[in-house]
Amino acid sequence: MEASELLKRYAAGERDFSGIDLSKADLSWKNLQGIKLHSANLSETNLISTDLRATDLSKANLNCANMRGADLSGSYLRDTSMVEADLRGAYLSQSKVATWLVGANLSRANLSGADLQGLYLHKTQLTDACFCGARMPNGGFHD
Numbered sequence: 002m003e004a005s006e007l008l009k010r011y012a013a014g015e016r017d018f019s020g021i022d023l024s025k026a027d028l029s030w031k032n033l034q035g036i037k038l039h040s041a042n043l044s045e046t047n048l049i050s051t052d053l054r055a056t057d058l059s060k061a062n063l064n065c066a067n068m069r070g071a072d073l074s075g076s077y078l079r080d081t082s083m084v085e086a087d088l089r090g091a092y093l094s095q096s097k098v099a100t101w102l103v104g105a106n107l108s109r110a111n112l113s114g115a116d117l118q119g120l121y122l123h124k125t126q127l128t129d130a131c132f133c134g135a136r137m138p139n140g141g142f143h144d
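Residue 2 is where the sequence shown starts when you use this note's numbering, and the numbers rise one by one after that.
Honestly, the hints are just simulated from the structure, not real lab data.
Any given hint could turn out to be false.
Below are the DSS-like pairs computed for lysine-lysine, each with C-alpha atoms no more than 30 Å apart in a straight line [as the list claims (entries may be wrong)]:
| # | residue 1 | residue 2 |
| --- | --- | --- |
| 1 | Lys60 | Lys37 |
| 2 | Lys124 | Lys37 |
| 3 | Lys31 | Lys97 |
| 4 | Lys9 | Lys31 |
| 5 | Lys60 | Lys31 |
| 6 | Lys97 | Lys60 |
Take the sequences, apply the hints, and build the full model.
Following this line, the structure appears as structure tokens:
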């Protein structure tokens with residue numbers, strides 16, 4: 002499916018786009034609040050400053066996605082693949098993030114109040130990231 006078709010169907014009220022392939026699409030600056038992208042392929046997708054609040058991104062492929070400044074507050078990211086994803090300045094407050102972030106960039110990201118149980122960080126940039134009030138009982142930080 003092309004990004005334009007997704008946006009048209011989203012505007013018409015459709016929210017479940019599970020399993021969709023939008024790799025390399027440009028969805029920057031779009032409002033996709035509440036969309037369901039379970040098991041979607043969003044690798045190399047441009048999601049700069051996209052409104053993804055309350056979104057289901059469980060089991061989605063976000064490898065190499067550009068999500069700078071995206072708002073993922075209250076979203077669900079379980080078993081989401083985010084290898085080398087760019088999340089600089091992204092908002093993940095109150096989100097459930099139980100995934101592997103390998104080589105990702107979370108500089109200046111806001112994860113305040115997020116549930117990070119099961120989060121695994123490896124070679125992830127965390128400069129000035131905010132983890133205020135975040136819960137991370139079973140996750141891990143590694144070089």
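The hints, checked one at a time:
no.	hint	in the structure
1	Lys60 - Lys37	holds, 11 Å
2	Lys124 - Lys37	holds, 29 Å
3	Lys31 - Lys97	holds, 22 Å
4	Lys9 - Lys31	holds, 12 Å
5	Lys60 - Lys31	holds, 22 Å
6	Lys97 - Lys60	holds, 13 Å
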